[in-house]
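Visitor: Residue numbers (this note's numbering), protein chains in the order written: chain A, 1 to 247; chain B, 1 to 365; chain C, 1 to 375; chain D, 1 to 259.
Please note: incorrect hints may appear among the correct ones.
Over the 10 Å line for every Cβ pair with chain D, so calculated as not near, a few chain C residues [unchecked claim]:
#1 41
#2 55
#3 58
#4 67
#5 178
#6 185
#7 189
#8 200
#9 201
#10 202
#11 213
SDA-like, lysine to any residue: derived pairs with alpha carbons at most 25 Å apart [said to hold, decoys possible]:
#12 C/194 <-> C/207
#13 C/194 <-> D/252
#14 C/186 <-> C/207
#15 B/299 <-> C/71
Part of the chain A face toward chain C, derived, beta carbon under 8 Å [said to hold, decoys possible]:
#16 72
#17 74
#18 104
#19 105
#20 107
To be clear, the hints were calculated from the coordinates, so they are not data collected in a lab. Heads up, the beta-carbon is just placed ideally off N, CA and C, and yes, glycines get one too.
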Amino acid sequence: MIKEWVCGKPRLWRDRPTALPFCPGCQHSVGVRTVLETIEELGLEGKTIFLGGGGCVYPIPTMLDLDGMQCPQGRASSIGSALKRIHGREAIIIVYQDDNDGLAVGTEPLIHAALRGDPVTVIMANNASYGSTGWQMAPAGNQIIPPEMEKPNPSIPINIIELLAEFEGVSYLARGTVSSPEDFEDTKRYVRTAIQKQIAGAGFNLVEILLACPTRWHLTPRESLKWIREEMAGKLPLGEFKGGGGI
Amino acid sequence: MVEIMEGNHALGWGALDAGCDAYCSYPVTPQNEVVEWFAREFPPRGKIFLQSTSEIESSFLCMGFVAGGARTMTSTASPGWGLYPEGMSHIVAAELPLVVALLMRGGPGQGTTRHSQMDYTSATSPGGQGGYRNIVLAPYSCQECYDFVQLAFYLSEKYRNPVILLAEPNVTRVLEQMERRPLTFEYPPDKKWALKGKARHSDGKSRLLTSGYGLTSTEEHPSYLSYLKHLHDKFEQMRASEVRYEQYEIEDARVVLVAYGYTARVSREVIKQARAEGIKAGLIRPLTLWPFPGEPIRKKAEEGAKFLVVEDNLGEIGGLSDDVRLAVAGRAEISLVTALDRHNPGEGGSIYPGKVLEKLKGISQ
Amino acid sequence: MEQKILARGFEAIGWGALAADCQLFAGCPTSPEDEIFTYLAQEFPKNGRHFVRASSEVSAINIAYGSTSAGGRVMVVVASAGWGLIQETMSHLVNAFLPVVVVLIQRGGPGAGSLRHAQMDYLPITRDAGQGNYRVISLAPSSVQETYDLMQLAFHLADKWRNPVIVATDTIIIRMMEPLTLKTIKLGPPLPEKDWIVKGKEHQTDGIRRFISSGQGFIPTRDFSTYLHFLKGLNEKVLRMRETEARYESYELEDAEIVLVAYGYSARVCQEALMMARAEGIKAGLMRPVTLWPFPGDVLKKKALKGAKFLTVEDGLEGLREDVMLAVEGQAEIEWVNVLDRNESGAGGAIYPGKVLEKMRKLLKGKVKVIKKGR
Amino acid sequence: MEQAVTRKKVAGTPRLRFPIKSPIASCQGCLHPLAGRILAEVIEELDIGGDTILVGGVGCHATIGGHLNLDVLLPGAAHGRAPDVATGVKRILGKRAILITIQGDGDAMAIGTEPLIQAAARGEKITVIMINNQVYGTTGGQLAPTTVMGHKTTTTPQGRKLEDGYPVHSAELLAKLKGVVYSARGALTSVRNFQRTKKYVKRAIQKQMDDLGFSFVEILGNCPVAWRLSPVDSIKYIEEKLIPEFPLGEFKDIKEVTN
């Protein structure tokens, strides 16, 4: 089903006068790259609708040569469910949200899209940045605990894959990182499987990508990658959790 | 062919005849009958019916339906209307057409389960951020529910802006005669802005919808101010060309009643009785609560008429009385019949013709 | 001992809340309020107060609903891009007669709008944005010191009237740094003890259970037995608030032929334009409403009867102009400077004194399209 | 086995009943007042009536709060927001206050998804009791997130189908969140089930009294009016259709928390 392998700068990035609006070391652009390369390889760019969430991922839809929408904070899953019901099989809906977007403001849209089994693909770019999804611990070293978290009652990380695992409407769940070339390839495979399941109309599918956010973690980009593998992947294990092993 | 029908169902048949593709809302008394009508009638016809999980989700699911180019309607009642401003503000910002039917219930807060007219201000000067405007239509009979829904779909697509139908449950629950004759409007040709996937557009170029024009620039709106100028002109054009109102026995009226919805039907009854007793009274009934028909009111004010605003809300605080005060601009005396003049203290109380006639006589001395 | 510090607007919000003994802050970080968020997250736990990071503005206002029912003084901070989410519970707070202070940081709208300053939410602030008929006192500071003072006044008024109170600032006011003297201001007689709060039946002095409901009128409560009884109570409270709580500042209004009306950051712009106009011999004055609702319209009516002309200056599409027209009742010409008169077209543009002066000159010569009729 | 000290078993009309002139406002055959009875008995047996604050949702279950002689927030702000309101009250009053919310399935798992899951994720020390009767009762019997497949409601006239989504299993879902220390599901279809559900509610409240974390009890109720079944048949319907889909029992029971 792969039409042609791609490499280099994804064709779907529009060339922009200004630089990318991400902090140095931010991996959102790498997370989007896994999606763009998959769309190019499967030759779906004519049918894809890219829905960006709020927060840091807000400017992404403007930078892509795809039909897209900058959705309000947290509501991209709802808008994706509605679009899928109108266009059915003729459109591929991809929702790209960060963790505060999908797991805090967007708790209700995400869980009920999964319960309804709407065949959309949600890419959860989890960079533990807002502390809303429970990261009361900043990485190791003398980093202070992110101030937003009140100590006596810290939230405990929400493991969205664990929550959605038993819903019948959910057809595919996987979690990967992009902190090394091998991880990047695994994550791309997960994204491709998720989109193929959407084409088959199998149900709701979600791929969580653990990304680095050096600015808010007060770490250098290289240290952030190391932290993801050691600390973050420890609490949020990687791999395919539901509907794995291709179509 | 004349039929007997409930206003709630007339809203549904009107939407169907206007070519509505998708309906999504959340059950809240007193508009459950509208939700149930769409649940019965839409799926067998291959149209989309979706019961959302809350009113916030209703507004954003409708934003998704409309972004895909579907003609979409939603309905709610007062307690749910409090959750709509965020969604409405984003839909206005992204310039998307949507029809919202709002059945007013006693407020504020959880309020009663029966009728009221207390959401006039939150519909005409909306509560969402950004100070935008929506056209607001006020039907007061089953036939008008049927006609105004079709008009609402046309106006929303003409201006790419939501349109609100404001009605009371004691108008839409009544079985009345109506005639199902679809109205024809020339809708704008095609929705070039809708999201379908790049290849399915005629020019093959990708589309971008956004509700944050202060953060993004597009070819259509290169800068934030050009976008705001465009919004401002759109609202001004609506003010200029979409005012609709109805007058009843107004030519020689010395006292002008201003009312919409069920209080307008009460006022017509009062005018008949008043004229029988020699008091020259007339009614101005705004069909569009926004843009507000200030012109006929100003003309009668300059002729020296007095005004009686009949609205089932806390009149002194605001609502229709504020708009009449703006139109009259100090030239005439305005008195009010409000929810405090209801016939019984329970939630089912209403404004009866007797109380309005009593106030009318007091003024016309 | 009055401490004098250099502080930014958002710190003044924090210090003001501490001076007013606010016990709980609930919020969700949406820019431009994330500085307030980080600042309060450090200050509140230190002083033994509660800082709750809610998942969204809806959760934040509802957590505040719970805390104020338990008697705590409570604050919620929202930006314009979450304002629409809190309107249902604002209406519930009004029905249940519960005091909460809501700080709104206005930013460009509508929808996600922009991350920069604006004053586009005048109508949603001053009218009943949620369901049903009600009004909420809204205060508008235009300096760091005034932000600090108005935060204390807001908590006082909220408890006095048992109604939410809005403090409406914008991104410029909260990011300015100005001198701030930290002193708790005297706010009239001490308020009665809150005997209506829920504590657990055992802890109530009279042993009778407390029943707080946001469906008053539909559900009979101790204060109101029927719906009309409740409506009369609410109506009378709102009218009393309207008569007694209007506040404004005036600058050189006595002999003014042109009256500027502005609040927040555009009021600072008008003060500058006022000096330039007076230098040119134009008799101009400024009325700055400190309370957006109740709107101090009487002073404008008096000036209108003396033949003054009005110029509203607001960094939004429309709103303040409508209240001036209601107050003036057609007795005078009204011209306006709004967001479309900003100095540059990007989201960072602002209204400059030069533009206000230019409109004043035109208004004097009468060459301006002016509204006298309805809206 | 029972760590909670049971002071005395209660029988007859629970003492906590508030002398309200109007009769209990539920339909004939509704099991909601029975859930209210469980709550009243447990509160009396644990003798925490003085410290308990009840936060009611919006729906048929709201009538329960009205009849208990406790400090009550009814309706606890808007539809579905009871866990947020309970969080606010608990943070102000501290450990000694016992916060219980009474909600329906639409109130807690549809509009209240975000407050419920976020309060559970934050590990708020409150107890949420959700009565699952398959439909929205007060608004005439519409589809709820917990409606089983094939169940006819006014918004699924031909029975719940695939495009209306799948029912949510709330007790199992909340058991997965780390802030939750107790999650169970009971039913009110027989005396044995009544006693089991009462034991679950007592354990849930005991977790809150020991300041461990978030506790959740789902109770399978009925709605004879919306299901168009007689009260006896509706109980049979629960046993034949609902209990197989929503198995009873405890899904999480953590004794002590080390964070």
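Visitor: The structure should be examined with respect to each hint, and the outcome stated for every one.
Guide: Status of each hint after checking the structure:
Taking the minimum C-beta to C-beta distance to chain D, about 15 Å, the non-interface status of residue 41 of chain C holds against the 10 Å cut. Interface exclusion of residue 55 of chain C from chain D breaks down, the closest Cβ pair being 4 Å apart, not more than 10 Å. Not every Cβ of chain D is farther than 10 Å from the Cβ of residue 58 of chain C; the closest lies at roughly 7 Å, contradicting the non-interface assignment. Not every C-beta of chain D lies more than 10 Å from that of residue 67 of chain C, the closest at about 4 Å, which undercuts listing it as non-interface.
In this structure residue 178 of chain C is separated from chain D by more than 10 Å, as the shortest Cβ-Cβ distance comes to about 33 Å. Taking the minimum C-beta to C-beta distance to chain D, about 25 Å, the non-interface status of residue 185 of chain C holds against the 10 Å cut. No beta-carbon of chain D comes within 10 Å of the beta-carbon of residue 189 of chain C; the shortest separation is about 25 Å. With a minimum CB-CB distance of about 4 Å to chain D, residue 200 of chain C fails to clear the 10 Å threshold, and the non-interface call is violated.
At roughly 5 Å, the least C-beta separation between residue 201 of chain C and chain D is not larger than 10 Å, which violates its mark as non-interface. For residue 202 of chain C, the shortest C-beta to C-beta distance to chain D comes to about 2 Å, within the 10 Å cut-off, and the non-interface label is violated. Chain D draws residue 213 of chain C into its interface by the beta-carbon criterion, the shortest separation being 5 Å against a cut-off of 10 Å. Proximity of residue 194 of chain C to residue 207 of chain C is assessed by CA-CA distance (about 15 Å); at most 25 Å being required, the pair is judged to hold.
With a C-alpha separation of about 40 Å, the suggested pairing of residue 194 of chain C with residue 252 of chain D is violated against the 25 Å cut-off. At roughly 34 Å between alpha-carbon atoms, residue 186 of chain C and residue 207 of chain C are farther apart than 25 Å, so this suggested pair is violated. Taking the CA atoms of residue 299 of chain B and residue 71 of chain C, the gap is near 53 Å; set against the 25 Å cutoff, the hint is violated. Given the 8 Å rule on beta carbons, the hint for residue 72 of chain A holds: about 6 Å separates it from the nearest Cβ of chain C.
Below 8 Å, beta-carbon pairs count as interface contacts, and residue 74 of chain A has one with chain C at about 7 Å; its hint therefore holds. Restraint check, residue 104 of chain A versus chain C: the minimum CB separation of about 4 Å is within 8 Å; hint holds. Hint on residue 105 of chain A holds. Least Cβ distance to chain C is approximately 4 Å, under the 8 Å limit. The closest approach between the C-beta of residue 107 of chain A and any C-beta of chain C is roughly 6 Å, which is under the 8 Å cut-off, so the hint is satisfied.
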